[in-house]
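Q: Here are the chains, one letter per residue:
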Amino acid sequence: MCLGVPGKVISIKENLAEVDFGGIRRKVSLLLCPDVSEGDYVLVHVGFAIQRLEKEEALETLRLFKEIDRGYLE
Amino acid sequence: MNKSKRIDEGNIASIILREISGLADGQIRFMEVCGTHTVSIFRSGIRSLLPEGIELISGPGCPVCVTPVGEIDRAIALAQLKDVTLLTFGDLMSVPGTSSSLNQERAMGRDIRVITSPLDSLEIALKEKKRRIVFFAVGFETTSPAIAAAVKEAKRKRIDNLFLLSSQRLIPPAIRALLSPRKVKIDGFILPGHVSVIIGRTPYSFIASEFSLMGVITGFEALDILKGIYMLLCQKKEGRSEIEIQYTRAVKEEGNQLALKAMEEVFEPVGARWRGLGMILESGLTLREEFKEMDASLVFDIPYEDKKDPPGCICGKILQGLKSPPDCPLFDKRCTPENPVGPCMVSSEGSCAAFRKYGAFR
Ligand code: SF4
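Chains A and B, in that order, give the protein sequences.
The first sequence runs contiguously to residue 74 in our numbering.
The second sequence runs contiguously to residue 436 in our numbering.
Source of the hints: derived by calculation from the structure; they are not laboratory data.
All values derive from a computational prediction rather than experimental measurement.
Glycine residues also receive a C-beta, built at the ideal position from the N, C-alpha and C atoms.
Treat each hint with caution, since some may be false.
To spell it out: a stretch of chain B is covered by chain A in this simulated footprint if at least three of its residues, at any positions, have a beta carbon under 8 Å from a beta carbon of chain A; those stretches are [unchecked claim]: (1) 116–126; (2) 187–200; (3) 267–275; (4) 308–319; (5) 377–389; (6) 425–431.
Quick partial rundown of chain A residues pointing at chain B, CB under 7 Å, derived from the structure [stated by the list, open to error]: (7) 5; (8) 10; (9) 12; (10) 21; (11) 30; (12) 36; (13) 39; (14) 43; (15) 47.
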């Protein structure tokens, strides 16, 4: 039940954002996470953005995995 | 997902698994607290990929599973009132109460509807002014700020026909209850990623400082979970007991302060009953004084009564990590996803449903 789905903010009007989830668009409340801009990635839960995911950070896990990768190869 | 990404992830997974094998030393047992982790672990087959000696057990982290029968019965009793429309999240619909479920009640003509966002409740209340709309809300810290935001909006818009039946629960007090007294051997926790998006790292500190156990706040992709297990094993090897964050792309040290503020403005902690764990102090949320006119448990004269779990169902023990679904004599016999006896088989995030769906019992 604590599923959070990442999506991309397409447009913002007051407290509502239009968010794209891989082709499907939904209106999402920004009441709990107002500091977002168009193009940002947000984590969405029950119709609310609950955190902004910086693209860099979103890629970080993968980068960390690559570090293990490198460590292993060395 | 394109092919190259899949291969990439597959390679990384096998490398982390090799690292994990290198660190594995003797018997070690980690509990994944969150039901979303349980599903992800089963779906990706992680349990069977881990070296022998590393055991994963599921904990009490499914809001639907831990809601006691008495609270389901109370919601059903409310839905039976002629002028009441009961709203709830989907998974709760099939959870058996003492003599029926919300699904069965709906089939008998009660006005019970599934919503996907707390904000839906405002829309319905505004449209259907003659009806009393009761939102039967379950959820952990991930969901509570959204419920709080909806309550605040309802008050701001002076909506007076919307009520909240709060069955919300908090994760850290449940972990504490599991550990004191500790009935089951646990060496560390795979901590819930999305609860932690809201609460951050500090509320788990007691796990390390008071119980000398380790924990890693972990994301939900298979790679996240493998990395989380790797980090736990590193702690073990280095003799550390700390709470670390693996899921850094979403979890900040301090959580989401605005969400926490909304939650604190609207709710205060209260003792709550958990299926399997019983009454836990300050583990639930009730509306604060300023919002009491929306509290369905006060407005409607339907008191809570303790009820027995379904006969034969051992969900309570499974939620504490004491038993595993195949230990239940009803599992996959009288209890199936089509005909569930207990909530652990109803909820898509329940351990029994996950075992059944992904065949881990074979
Ligand atoms: S298999 Fe069914 S009856 Fe047995 S513990 Fe799971 S939910 Fe309860």
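Q: Would you mind marking each hint as holding or not holding in the structure?
A: Hints and how they fare:
1. 116–126: violated (count 0)
2. 187–200: The restraint on the region 187–200 of chain B holds, since 5 of its residues have a Cβ under 8 Å from chain A and three suffice.
3. 267–275: holds (count 5)
4. 308–319: With 0 residues closer than 8 Å to chain A, the region 308–319 of chain B misses the three-residue bar; violated.
5. 377–389: violated (count 0)
6. 425–431: With 0 residues in contact (Cβ-Cβ under 8 Å with chain A), the coverage given for the region 425–431 of chain B is violated.
7. 5: violated (10 Å)
8. 10: The hint is violated - residue 10 of chain A has no Cβ within 7 Å of chain B, the shortest such distance being about 18 Å.
9. 12: violated (16 Å)
10. 21: At 13 Å from the nearest chain B Cβ, residue 21 of chain A fails the 7 Å test, so the hint is violated.
11. 30: Cβ of residue 30 of chain A sits 10 Å from chain B, so the hint is violated.
12. 36: violated (12 Å)
13. 39: Where the cut-off is 7 Å and the nearest Cβ of chain B is about 17 Å from residue 39 of chain A, the hint is violated.
14. 43: holds (5 Å)
15. 47: Since the shortest Cβ distance to chain B is 3 Å, the answer is holds.
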